[in-house]
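Visitor: These are the residues of each chain, in order.
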Amino acid sequence: MKQFQYIRPITQQSVLAAIAQPGTKIIAGGSNLVDLMKHGVMTPDKLVDINKLPLRNVSTVKNGVHIGSLALNSQVAEDKQVVAKFPLLSQALNAGASAQLRNMATVGGNMMQRTRCPYFYDVALPCNKRNPGSGCGALEGFNRMHAIFGMSEQCIAVHPSDMAVAMAALDATVIIAGKKGERRLPFVDFHRLPGNTPQLDNNLAKDELIVAVEIPENNYAAHSHYLKIRDRASYAFALVSVAAALDIDNGTIRSARLAMGGVAHKPWRLTAAEKALVGKPANAASFEQAAQVAMQGAKAFKDNAFKLKLAPAAIIEALTHAAGLA
Amino acid sequence: MDEQYNEGLPDGQGQSAGNPRRDFLKKSTLLTAVALTPGVAVKAAENHVDEHVAAVFEKLPVDIEINGVKHNVLVEPRVTLLDLLREQLNLTGTKKGCDYGQCGACTVHVDGHRVNSCLTLAVMVDGKKVTTIEGLAKGDELHPMQEAFIKHDGFQCGYCTPGQIMSAVACVREGHAGSEMEIREYMSGNICRCGAYPNIVNAIMEVKAGGQQV
Chain Z
1 MKQFQYIRPI TQQSVLAAIA QPGTKIIAGG SNLVDLMKHG VMTPDKLVDI
51 NKLPLRNVST VKNGVHIGSL ALNSQVAEDK QVVAKFPLLS QALNAGASAQ
101 LRNMATVGGN MMQRTRCPYF YDVALPCNKR NPGSGCGALE GFNRMHAIFG
151 MSEQCIAVHP SDMAVAMAAL DATVIIAGKK GERRLPFVDF HRLPGNTPQL
201 DNNLAKDELI VAVEIPENNY AAHSHYLKIR DRASYAFALV SVAAALDIDN
251 GTIRSARLAM GGVAHKPWRL TAAEKALVGK PANAASFEQA AQVAMQGAKA
301 FKDNAFKLKL APAAIIEALT HAAGLA
Chain R
1 MDEQYNEGLP DGQGQSAGNP RRDFLKKSTL LTAVALTPGV AVKAAENHVD
51 EHVAAVFEKL PVDIEINGVK HNVLVEPRVT LLDLLREQLN LTGTKKGCDY
101 GQCGACTVHV DGHRVNSCLT LAVMVDGKKV TTIEGLAKGD ELHPMQEAFI
151 KHDGFQCGYC TPGQIMSAVA CVREGHAGSE MEIREYMSGN ICRCGAYPNI
201 VNAIMEVKAG GQQV
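Line order of the protein sequences matches chains Z and R. When we follow my numbering, the leftmost residue of the first sequence carries the number 1, and every step to the right adds one. When we follow my numbering, the leftmost residue of the second sequence carries the number 1, and every step to the right adds one.
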């Protein structure tokens, strides 16, 4: 690993001052960053350890839950309030990584984790995300794990998080601190599509810090399901995942939330499919129609055409489970 | 690793005096190190401002309690907890498998929680309590999970076993050993290429059913 300096500030102000300097990088759990530093993919000059900041609590706020950015994945997954009110989030968190990694990984770090595209991870191969202008190795290469929505000629990588898919579905808001104070960003606008700047995974500025994620109260707790399809039964990244949440009144869908993972550069919220479900009976025909709507505009590459069949099937399956019809 | 730090020091603090090969190693290590350090340090080195280079190589003090024994060690920021345990403290029970957080062989407990020590920077464990496989037995009396692994043949080559056992103890303590399915899910971060999984699950089920303090 390349050598680096290490500091552990104790105030948010000193963290913000430190990360504004070039060559610095925040470390929280380190479960992805240390991995990337060992591979030489990320080579910061200085790590700013933020674990002394008081951002670890999960608390009730007006109309929802406030999750500090340093809350651990395992802690949030088992938090009583989260389990009771947002079981979709708890399920998604438990579907990610391993028990050990969930004990290390934080909420903010989970959002900031990089793609697991093999061309990004191997410094000998071209990758516009790691080395802008070097080309996309995956475009004509081995692209089984890659995107079917929202990709560009520059990058077809996917965001690997499960947690983020549930947060996108649950209308979460990201609270971000910067030199000029705090700003709030809808979770769905936090991550970005690759376009011509695939080196940017999200809309967090270099000198900003994620302090929390808030999720508003909803009526989905009784009817939600996180479905993750992967190459082995556990401890693998999603080929396709679906976060499905329904508000059902007397068999009729009052409102729906749907998002997919493993299909795009960001958690892929399916708003058109959600609208298509509203007012419909909670049954197989409605779910099949929603899946059809969801897949409009999907495009496959050489090795990932299977996702064009797997994704709609996963949507139907997740909705069926969410509705309690499985 | 210790040797490499010493040889990386610019002021002759390494232990290589009088040995030409080691002198060469020392110089080349320093050159490599300088090439890998931030621009400011390289510039300092060019100007022969040794203090600044030394500042980059600075080891940080870490207070850490391992298996009930307090240690005060000096480590470079890039040293992982796994390498600190194995290379500096000679606690080689914790194994290095993949070194990338994919296999679980390096699993230890930090403040009671299981983590991958290969992805944990030692400087970040400052002030914390670590338990490794060496810390489970009470003298000659094996931990119930160690007994169960032996009884159920929960290993073949044994390389993943320390990590499996540390993870298994945590799995029971966390309350995630309620069924075979649950154990398999919550032990999925520990890979066994010999395929001892059924026996590992049986060992954990027995410890859980026994209701002993783990």
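Simulated from the structure, these hints should not be mistaken for laboratory data. It is possible that some hints are incorrect.
[Claimed, not checked] Mimicking PhoX-like on lysine-lysine, the simulated pairs with C-alpha atoms at most 25 Å apart in a straight line are:
no.	chain 1	residue 1	chain 2	residue 2
1	Z	K52	R	K59
2	R	K128	Z	K46
3	R	K128	Z	K38
4	Z	K2	R	K70
5	R	K129	Z	K52
6	R	K128	Z	K25
7	Z	K38	R	K96
8	Z	K85	Z	K275
[To be verified] Partner residues aside, some chain Z positions facing chain R, computed with beta carbon under 8 Å:
no.	residue
9	Q5
10	Y6
11	K52
12	P54
13	Q100
14	M104
The beta carbon of each residue, even a glycine, is placed where N, CA and C say it ideally should be.
Visitor: Determine for every hint whether it applies to the structure shown.
Guide: Structure-based check of each hint:
{"no.": "1", "hint": "Z/K52 with R/K59", "in the structure": "holds (20 Å)"}
{"no.": "2", "hint": "R/K128 with Z/K46", "in the structure": "holds (23 Å)"}
{"no.": "3", "hint": "R/K128 with Z/K38", "in the structure": "holds (24 Å)"}
{"no.": "4", "hint": "Z/K2 with R/K70", "in the structure": "violated (29 Å)"}
{"no.": "5", "hint": "R/K129 with Z/K52", "in the structure": "holds (17 Å)"}
{"no.": "6", "hint": "R/K128 with Z/K25", "in the structure": "holds (23 Å)"}
{"no.": "7", "hint": "Z/K38 with R/K96", "in the structure": "holds (14 Å)"}
{"no.": "8", "hint": "Z/K85 with Z/K275", "in the structure": "holds (23 Å)"}
{"no.": "9", "hint": "Q5", "in the structure": "holds (7 Å)"}
{"no.": "10", "hint": "Y6", "in the structure": "holds (4 Å)"}
{"no.": "11", "hint": "K52", "in the structure": "violated (11 Å)"}
{"no.": "12", "hint": "P54", "in the structure": "violated (16 Å)"}
{"no.": "13", "hint": "Q100", "in the structure": "holds (5 Å)"}
{"no.": "14", "hint": "M104", "in the structure": "holds (5 Å)"}
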